[in-house]
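Trainee: Chain by chain, the residues:
Number of protein chains: 2
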Amino acid sequence: MSKEKEFVVTPWEVRGEIDYERLIRDFGTTKVDTELLERIKKDAGELHLFLKRGLFFSHRDMNWILDRYEAGEKFFLYTGRGPSGHTHLGHLVPWMFTKWLQDRFGAELYFQMTDDEKFLFNQELSLKTTMSFTYENALDVIALGFDPKKTFIFSNVEYVKTLYKIALEIAKHVNFSTVRAVFGFQNTTNIGMIFFPALQAAPYFLPSVLEGKNIPCLIPASIDQDPYWRGIAREVAPKLGYYKPAQIHNKLVPGLGKGGKMSASEPETAIFTTDDPDVAVKKIMSSYTGGRDTAEEQRRLGGRADICPVYHNYEFLFVPDDKELKKLYDDCKTGKMLCGECKMIFASKLKPFLKEHQKKREKAKGMLDKFMVKD
Amino acid sequence: MSKEKEFVVTPWEVRGEIDYERLIRDFGTTKVDTELLERIKKDAGELHLFLKRGLFFSHRDMNWILDRYEAGEKFFLYTGRGPSGHTHLGHLVPWMFTKWLQDRFGAELYFQMTDDEKFLFNQELSLKTTMSFTYENALDVIALGFDPKKTFIFSNVEYVKTLYKIALEIAKHVNFSTVRAVFGFQNTTNIGMIFFPALQAAPYFLPSVLEGKNIPCLIPASIDQDPYWRGIAREVAPKLGYYKPAQIHNKLVPGLGKGGKMSASEPETAIFTTDDPDVAVKKIMSSYTGGRDTAEEQRRLGGRADICPVYHNYEFLFVPDDKELKKLYDDCKTGKMLCGECKMIFASKLKPFLKEHQKKREKAKGMLDKFMVKD
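Those protein sequence lines, which keep their order, are chains P and C.
Taking the working numbering, the leading residue of the first sequence gets 764, the next gets one more, and so forth.
Taking the working numbering, the leading residue of the second sequence gets 764, the next gets one more, and so forth.
Next comes chain P alone, as it looks inside the complex:
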């Protein structure tokens, strides 16, 4: 493997330039192909931009879930968030897609805030802090327009009485060797982190436990979270008599730095939903791009849109119109448009997006009670 191709993708670390084709092979998932897209389009009545643009690129058992759905059986959605800080654009991607799935398939959503995990994993974070980010992040989820009747957001710490019983059933079937192999845990890993995968997996079975019958589960989430369901949920589900959860995985939205995903630990390269729009624009102006060393060189050789985080943000989030996207791509590649101009365009799209989201986020403060479930 050449040095350029080195990358790491785990639930706690994403580094390097990610080869998504290789991830599919390494993780043993299946590529989202044209046939599956057609089927989703038929069942959903339309195709979400994230599917058209290949952002959701990998899956497990999607055809099985659609078999069930087409046979009149309901499924539920599960996804979540590790509340270690404010929400950034990269977090919104799977949630926006989840919202679309809820609308199109009439599915209930269980949304897990792993405030326990983030406390256990990060020496710097207090439990009080991660629990407060549970609520901050929940505002962003609610702002996306989920149906309060069908959406259950919970903090692990505040919902543990419900989750713990299921987690115990899971934990009885998972030993240290397994979590060492799946998550790379060491002898120095704290015993809270070692147990956490059992609690993380509990929501997959929660609706089945609550309703007393097996209900299929679909998990839309970033590919880096895959070890949880590959190594734990899918292994244990049959032993407990539950369905294995199906999954659909998105690529990681790149940050404004070079390589990796948008990460809260590099705040200058991440656009937070709580950023003042003018601050966000400043981050854009300092963004890494696919530009050349000099304007002259770029006019001559063209920019490298394919490795440019600004372009990926257009592709994934901000330019749904295909023609407009193609023009931006071509203007970059031909050297017609330089990075400064392009960043201005990005800023002009981001600012109203942020303002609108922040308005909805403010409104969400009065709706927390409708969405949050506790013991």
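If you're looking for bench data, these hints aren't it; they were derived computationally from the structure.
C-beta atoms are modelled at their ideal positions from N, C-alpha and C, and glycine is treated no differently.
Any given hint might turn out to be false.
In silico negatives: residues of chain P with every beta carbon more than 12 Å from chain C [stated by the list, open to error]:
hint : residue
1    : 779
2    : 784
3    : 863
4    : 915
5    : 953
6    : 1045
7    : 1064
8    : 1088
9    : 1099
10   : 1106
11   : 1107
12   : 1127
13   : 1137
Derived CB-CB ranges, DEER-like [stated by the list, open to error]:
hint : chain 1 : residue 1 : chain 2 : residue 2 : range
14   : C       : 1128      : P       : 898       : 36 to 46 Å
15   : C       : 1070      : P       : 1003      : 45 to 55 Å
16   : C       : 815       : P       : 891       : 10 to 20 Å
17   : P       : 1004      : C       : 993       : 48 to 58 Å
18   : C       : 805       : P       : 1028      : 34 to 44 Å
19   : P       : 889       : C       : 1049      : 55 to 65 Å
20   : C       : 1021      : P       : 776       : 48 to 58 Å
Examples of chain C residues lying across from chain P (beta carbon under 8 Å, computed) [said to hold, decoys possible]:
hint : residue
21   : 934
22   : 938
23   : 951
24   : 952
Position chain C against the provided structure of chain P, taking the given hints into account.
Mentor: Just chain C, lined up with the frame of chain P:
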């Protein structure tokens, strides 16, 4: 070490003839000596039979707890039970002593039912079963006469929302190497068991968390449970800013078989509080004793009271009168009294004890609400 001296004492296994002097050295505890007994007598106003007879033989920081008490500071008691089956006489011993401590020192008691642990540890037990034994065992605790205003009995599963936050703080300071060394956990140990010591330790700090100030804790319990506080609570307490819990340890009440402790896993050698008194008497009649192979030999050589579980039951529970105990001992050792006669005496003491306890246990069914705390 000679073969006869081989023994094992862990929270999950007690085997062989226990050398208590060696346990004190191995575990690093302190012997309960005459000086400490005098001090307890002064503070409590009397000395409990279990102290006089050396059943509570080992401790940690008892003088520190009494310093605090004498300085007018209150302490609380913590003990518990792994509800894997019905309560037997061996379980009652630390609880009876705990009741005496509550009365004499006016202390609140937090009583933990580790229904999660017993489920995780035992392949045969369902969570439903261990949770139902939580309530069965609680009846025995209540039957001993604890003060409902000062006694808080809880199931880990039903009180986990309160305990989990504290357990997370503990777990962050305990890694796999530590629990492997302290409890002998392996790579094949399930991740629930690996986390459990953190939840087990949570009640030591619970009153301090609830009241927002440091409150000393005294743990009366069997010596086999020592690893929990030696390896976990005492190590972590200073890191979280809490006092280390003090402890006083009892010897294990022998079962009616040879060696080891009274154990629910050998029901024919254990007298359960729920046993029909006539069934209990039959168990006594089949008990292992310190008797000789033939009556002739026993008349000639005398019995071996010192290794006889029947005699130990007199010593620890059923014969508080020193003169009566001495007569039983002498009559055995001189061969004057054979085992059959002695067992009849045991039966005559056990039957009314069981009947009385069962009456109180029945009454306790109406009092569960006063004692059980839940989230």
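Trainee: Each of the hints needs a verdict: does it hold here or not?
Mentor: Here is how each hint holds up against the structure:
| no. | hint | result |
| --- | --- | --- |
| 1 | 779 | holds (28 Å) |
| 2 | 784 | holds (33 Å) |
| 3 | 863 | holds (34 Å) |
| 4 | 915 | holds (17 Å) |
| 5 | 953 | violated (5 Å) |
| 6 | 1045 | holds (36 Å) |
| 7 | 1064 | holds (52 Å) |
| 8 | 1088 | holds (46 Å) |
| 9 | 1099 | holds (55 Å) |
| 10 | 1106 | holds (42 Å) |
| 11 | 1107 | holds (46 Å) |
| 12 | 1127 | holds (25 Å) |
| 13 | 1137 | violated (9 Å) |
| 14 | C/1128 <-> P/898: 36 to 46 Å | holds (42 Å) |
| 15 | C/1070 <-> P/1003: 45 to 55 Å | holds (47 Å) |
| 16 | C/815 <-> P/891: 10 to 20 Å | violated (49 Å) |
| 17 | P/1004 <-> C/993: 48 to 58 Å | violated (40 Å) |
| 18 | C/805 <-> P/1028: 34 to 44 Å | violated (59 Å) |
| 19 | P/889 <-> C/1049: 55 to 65 Å | holds (58 Å) |
| 20 | C/1021 <-> P/776: 48 to 58 Å | holds (56 Å) |
| 21 | 934 | holds (3 Å) |
| 22 | 938 | holds (5 Å) |
| 23 | 951 | holds (5 Å) |
| 24 | 952 | holds (6 Å) |
Hint check: violations occur at hints 5, 13, 16, 17, 18; the rest are consistent with the structure.
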